[in-house]
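Since each chain comes alone in its own frame, lean on the hints to assemble the complex.
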Amino acid sequence: MISFIIRRMGQLVLLLLGISFIVFMSMHIAPGDPATIIGGPTAKESDLEAIREDLGLNKPVFVQYVDYLKGILQGDFGYSYQNSQPVGEAIATRLPNTIKLAVSSMIVAIIIGLIAGMISAMKQNSWLDVTSTTFALVGVSIPNFWLGAMLILVFAVNLQWLPVSGLSEPFYTMDGMKQLVLPSITLGTASAAIIARMSRSSMLEVVKSDYIRTAKAKGVKHKTVIWVHALRNALIPVITVVGINFGALLGGTIITEQVFAINGIGRLMIDAIAARDFPMVQATVLLVASIFVIINLIVDIIYVKVDPRISYE
Amino acid sequence: MGNLLEVNDLTIKFRTAKATSTAVRNVSFSLEAGETLCIVGESGSGKSITSLSLMGLLPENGEVSNGSIRLNGEELVGKTEEELRKIRGNEISMIFQEPMTALNPVFTVGYQIQEPLRIHKRMSKQEATVKSVELLKQVGIPNPKEKIHQYPHELSGGMRQRVMIAMALACEPSLLIADEPTTALDVTIQAQILDIMDDLKEEFGMGVVFVTHDMGVVAEIADRVMVMYAGDVIEVNDVQTLFEDPKHPYTKGLLGAVPNVDDETQEMKVIPGSMPSMEDDIPGCRFHPRCPMAMDICKEKKPALIDVGKENAAVRCWLQEVDTNADTTIAASGGFENVLSD
Ligand SMILES: Nc1ncnc2c1ncn2[C@@H]1O[C@H](COP(=O)(O)OP(=O)(O)O)[C@@H](O)[C@H]1O
Ligand SMILES: [Mg+2]
Chain A
1 MISFIIRRMG QLVLLLLGIS FIVFMSMHIA PGDPATIIGG PTAKESDLEA IREDLGLNKP
61 VFVQYVDYLK GILQGDFGYS YQNSQPVGEA IATRLPNTIK LAVSSMIVAI IIGLIAGMIS
121 AMKQNSWLDV TSTTFALVGV SIPNFWLGAM LILVFAVNLQ WLPVSGLSEP FYTMDGMKQL
181 VLPSITLGTA SAAIIARMSR SSMLEVVKSD YIRTAKAKGV KHKTVIWVHA LRNALIPVIT
241 VVGINFGALL GGTIITEQVF AINGIGRLMI DAIAARDFPM VQATVLLVAS IFVIINLIVD
301 IIYVKVDPRI SYE
Chain B
1 MGNLLEVNDL TIKFRTAKAT STAVRNVSFS LEAGETLCIV GESGSGKSIT SLSLMGLLPE
61 NGEVSNGSIR LNGEELVGKT EEELRKIRGN EISMIFQEPM TALNPVFTVG YQIQEPLRIH
121 KRMSKQEATV KSVELLKQVG IPNPKEKIHQ YPHELSGGMR QRVMIAMALA CEPSLLIADE
181 PTTALDVTIQ AQILDIMDDL KEEFGMGVVF VTHDMGVVAE IADRVMVMYA GDVIEVNDVQ
241 TLFEDPKHPY TKGLLGAVPN VDDETQEMKV IPGSMPSMED DIPGCRFHPR CPMAMDICKE
301 KKPALIDVGK ENAAVRCWLQ EVDTNADTTI AASGGFENVL SD
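So the protein sequences, as listed, match chains A and B.
Just so you know, the first sequence maps onto residues 1 to 313 in the UniProt record's numbering.
Just so you know, the second sequence maps onto residues 1 to 342 in the UniProt record's numbering.
So here's chain B without its partners, still in its complex pose (with noise of 0.2 Å):
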């Protein structure tokens, strides 16, 4: 028995005016039914364009230059428009930051709830409409029967996410991604949508990537977190471990950043420096510019994502590797990594 979702050596490159550049490289983890893998990062790092291609939902300009996506042994990447419209919604499903603007003002939830019962289950109607009240009332929302008819504008914002969940919900996924659902929320409201989720992954059994930006949320949902920086995967543990003893100076600067609760945009901004965008070409570690550990090797060579003790643990940091064995992982990750830097 494999894992839910296996991603291997994702690269996702963008076309853009001036050049190809590419956004995410070498990306690589996976996550078994029941277990919340939360990607991590700061703004840019990633993240979404990440979850996206699980999705198959990358923008026009963007596509996964190399790497799989398996979902429940069956390759993902290479599908068909076609073929990923019918996963889409139905084995995976995707919640996204902005509820205000998620959902389509000029229809009413329930007909948004019942769309995707009525195309992936050719539900009828009447089937359909007594499972969007089922749904509303399993995420919380008073007044189901009357809240069908509701138009989204007539809901607040935290119930409007309810509305997100409920539709990923409805044809029970096996995989649910949520990109910072909770982001645009106050904390009251934020916590609660928080609860309800971790309810429902319960008790639908599903595998769940959540990507937040946000330290607190992963210490109250994550199983198991992944730090992304400028499109390079530098951290995975389980999520006392890394929590506990962070091996990556990032990892370890967001430990240490509290989000201004007070300004969404500006997210973790307690390390100092600014994130490269993808265009920038760094030699050695992407993060050296910022980092307050960085050695002369960490401006020349890329270090290789290395595991740390156990399965499902590595850190992608020369500090680690001067750590443990640098003579072998030192000659390996650079031929590795030339192999890969074409």
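In isolation and in its complexed conformation, chain A is listed as follows (with noise of 0.2 Å):
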């Protein structure tokens, strides 16, 4: 098990190795020379010549990504062009909003989820069952930022009851909370809609299963059955679906943030792209890909623990 990690960890630095250099890449040969905008419209040319000598724009671009990544090794991210604020700080100061939203969100997508699912497969073609599969497939099509819009309208601008924007309370006051909600339901409910998808076939599947019939012969209670015996295998193929739910997840911080005017990775990422922030992008993609990644590992290891079937031996 530890040795499984540590490869992981081993292949996660050669995957940012190899999505740095895409990034830097890319950067540099898309159209926009970042000297332009850091000095302006007004700014002649010997000017942005000095902006470029000091950013070390005008060596060669290997040397400027190996320059980079020694950069990184020392934990040194460059500095912002657009303000000249060091990226390690700005990226300090947004991360715990983007975390805050999605951990929130994928709780509020777990828990309603797995009950609507549960409760869908107990009481199969019941109007709860239909009522919670119509709404997983209505959850999966509307766009976060619509959902986002609505919910805004009808609980922040007409009744009122919930803030319209931000994340700046802490989450465990009552301020804070309120700011998570509707957030959390715009960015969770199509993964909320997936997950109840899957953990009703699956627990649907499950009952019928050989094992659970040997359960119910040992005279096992029909609660235990479901909730012992039936669920923990039913799990398995909704953790998966967690797993490659997050990353969709992640991707959506981004327009969520936008809608809500949350002060996140997301928003970072959007303004740096359009001042060609070299240094803010890198350093935002890189941070959302280790999230990914870790976020995958963590799936992984909660396999094992669930289904002994997996080692990773």
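I should point out that these hints are in silico values taken from the structure, not numbers from a laboratory.
Treat the hints with caution; some may be incorrect.
[Said to hold, decoys possible] Output of the computed footprint for chain A on chain B, the stretches with three or more beta carbons under 8 Å from beta carbons of chain A: (1) 116-130; (2) 193-206.
[Stated by the list, open to error] Restricting the straight-line Cα-Cα distance to at most 30 Å, the calculated cross-link-like pairs of lysine-lysine (DSS-like) are: (3) A/Lys223 to B/Lys310; (4) A/Lys221 to B/Lys137; (5) B/Lys86 to B/Lys18.
Glycine included, every Cβ here is placed at the ideal spot set by N, Cα and C.
Take a look at the structure:
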């Protein structure tokens, strides 16, 4: 297990190296000169040259890339072209918001998805099942930005129950939780719908299996049959879906952060791309990739805990 | 002192998309403690459904529509789910065909054997652990102390079936039902499992209902045999008489048939034709379309199950009725069938 984690971490380093190279190169190939953006429309050619000199932009690209990697190894991600803020610092201030948003959305998705899926499976073809499968169908088809806008309109503007935007308060305060409600639902609904569908079909499959009949034949109580014998098996494919969805959900933070004006990594990345802020773009992309890989590693570890048939020896 | 198990006039129906059909008709049999009754017949004849009904574990769309099942004189038909649950795995246990899928893949062997002990005998974890090691030893599993920590996928098919047996016997049931427990295993393992079951039957003094389609297995373990065809009992006798002097043409066909070892799904196919499905409405004897001896009456009237000489021996065939006292039995059974065939 330990060696598996070490191996995966090694793979992560290689992956990040590859991603950093691709991002670095594509930023340089893409049109748009950072020096003109930093210098502004009035800058003279000599000023621009000075800026390029200062940032090392006139060195060969490969040299720039190697310099960049050297910096990263020392924990130095460079400075933002837009406001000279250290990139590490900018990320450190934004990251908590994105993590708050992603984690709370995933929790919402898992709780709602599992409950809806289980109820559906237990009461197959009842009105509860029909309601929940309809919700699941609609849930995956609604675009994030539209759902967000509608939720704001109804619950923030009209009913005024919840704030319109922001995520500035600590999550453990009442105001912080109120701020989280609408963004989490916006971002979590699609995942909830997918988890609901998956857990319903997985549970229906499992309750038909031979070992469930064996459990009944032993005299195991109905509740134990469902919540112990069946659930643990039904969760195995659901965990895969949760893992895959976390990636999609991370991507979704970009839109959700825009809709709710949340100062997170997603907005930071979008703004940086628009401004040709190379160091910022590279660092945010690397960060999101790392989070994605680490989530997948965690999912794989949970797998081993749930399904004894899987081992990584 | 009555029998251990007394099944009377058991009829099982299924609701399907099209209609309600009868899968098992007016089945009656009894079993004494220490006795092994084999239920034999081709695939689809109603063997599994009959055995599941004894556990109260029919599929959701099935129900016992008539008849009674008495265990030690106690009626099981009509008991609540909770009452049945206390009997399952305790007084009646069941072993299934597929050792590969019948154990829960996410729990250890030990946990799964200890479960009935903890539920029915209210043993502590330690007591149940000690007992489960002992049970594994009894079914011939080497290193039982280590095996209880393993998961089903770490064991071979034969070992898993031993675990199933250990699990079924945990609470020392008075009745063990085994639905083709050796069909999925290869021949040497099959022989070992049959030996173990036979030994443990003696040791625990259980009655055993053993479902199989393999006459070789029947010869090895049965005391008595009940032959089923398309939901009907068509012949019952002690094993020796049945092998030496089968009465029903279907039984004769089964005894002539050798199961195909290469293809498990292809059960006994020596009798030409195939079994009707439960939806097929066949007038007269349900076997007559395939019967080499069919007479006119076989197509019109269903024969009754009539005694042949001694107690617990009977056959459902017009040939038998013609052999014995034709007039009275035909009249009587005709009336009998009319009452039942609603
Ligand atoms: N859940 C079910 N719904 C409808 N029909 C069923 C169901 N289970 C079994 N049957 C029918 O009952 C009959 C007997 O099946 P079964 O007892 O499994 O046969 P056997 O064990 O002798 O091979 C078959 O005709 C089968 O189609
Ligand atoms: Mg069967």
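Consistency of the hints with the structure:
1. Evaluation of the coverage hint for the stretch 116-130 of chain B: fulfilled, as 3 residues show C-beta separations to chain A shorter than 8 Å, against a requirement of three.
2. Coverage of the stretch 193-206 of chain B by chain A is violated. Counting CB-CB distances below 8 Å, 0 residues qualify, and the rule asks for three or more.
3. A C-alpha spacing of about 48 Å is found between A/Lys223 and B/Lys310, which places the hinted pair above 30 Å, so the restraint is violated.
4. Restraint check for A/Lys221 and B/Lys137: satisfied, since their Cα atoms lie roughly 28 Å apart, inside the 30 Å limit.
5. Distance check on the hinted pair: B/Lys86 and B/Lys18 sit about 35 Å apart at the alpha-carbon level, beyond 30 Å; violated.
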